[in-house]
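Peer 1: Sequence:
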Amino acid sequence: MIWEYKIVFIGTESADEDEYETRLHDGVHMLNELGSEGWELIGYLPHRMQGQRNKYHVILKRPRGE
45 MIWEYKIVFI GTESADEDEY ETRLHDGVHM LNELGSEGWE LIGYLPHRMQ GQRNKYHVIL
105 KRPRGE
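All the letters of the sequence shown, read from the start, carry residue numbers 45 to 110 under this note's numbering.
Calculated from the structure, these hints are not laboratory results. Hints are supplied without guarantee of correctness; some may be wrong.
What the hints assert, rightly or not - Pairwise CB distance ranges (calculated):
id	residue 1	residue 2	range
1	V52	R97	12 to 22 Å
2	H69	M45	15 to 25 Å
3	Y64	Q94	27 to 37 Å
4	E48	H91	37 to 47 Å
5	V52	G95	38 to 48 Å
6	I46	R97	36 to 46 Å
7	E65	G109	20 to 30 Å
8	E48	Y88	17 to 27 Å
9	Y64	G109	14 to 24 Å
Just so it is clear, CB atoms sit at the ideal spot from N, CA and C, and this is done for glycine as well.
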C-alpha cells in the first residue's frame with residue numbers, strides 16, 4: 045500500500061483556561077473532519093517556544109488513491 049502524509053498545526057498552549065478549552069475543542073473538530081476524509085493520526089510534534097510554551101503539529105496518513 046502507498047501512503048500519503050500530512051502535517052497540520054493543531055495549537056499552542058495557553059495559560060488562559062477558557063482559551064485552552066476553545067483550542068482543544070477546535071482541534072478535536074479539525075481532527076474529526078480530517079478523519080472523515082480518511083486521515084489517521086499517527087503522531088505529533090511538540091515544539092518548545094520561548095518560555096514554557098509549546099506549539100504542536102500532528103502527523104496524519106491515509107492510503108493514496110491510485
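Peer 1: For every hint, state whether the structure bears it out.
Peer 2: Each hint tested on the structure:
For V52 paired with R97, a C-beta distance near 19 Å keeps the hint of 12 to 22 Å intact. Here the CB-CB span from H69 to M45 is close to 33 Å, at odds with the stated 15 to 25 Å. Between Y64 and Q94 the C-beta distance comes to about 18 Å, which lies outside the given range of 27 to 37 Å. Checked against the hint of 37 to 47 Å, the pair E48 and H91 fails, with Cβ atoms roughly 23 Å apart.
Distance hint for V52 and G95: a CB-CB separation of about 24 Å, inconsistent with the stated range 38 to 48 Å. Range check, I46 to R97: about 37 Å between beta-carbon atoms, so the 36 to 46 Å window is met. Distance hint check: the CB atoms of E65 and G109 are about 37 Å apart, inconsistent with the given range 20 to 30 Å. For the pair E48 and Y88, the supplied restraint of 17 to 27 Å holds, since their beta-carbon distance comes to about 18 Å.
Take Y64 and G109: their Cβ atoms lie about 37 Å apart, and the range 14 to 24 Å is violated.
Comparing the model with each earlier hint shows violations of hints 2, 3, 4, 5, 7, 9; every other hint is respected.
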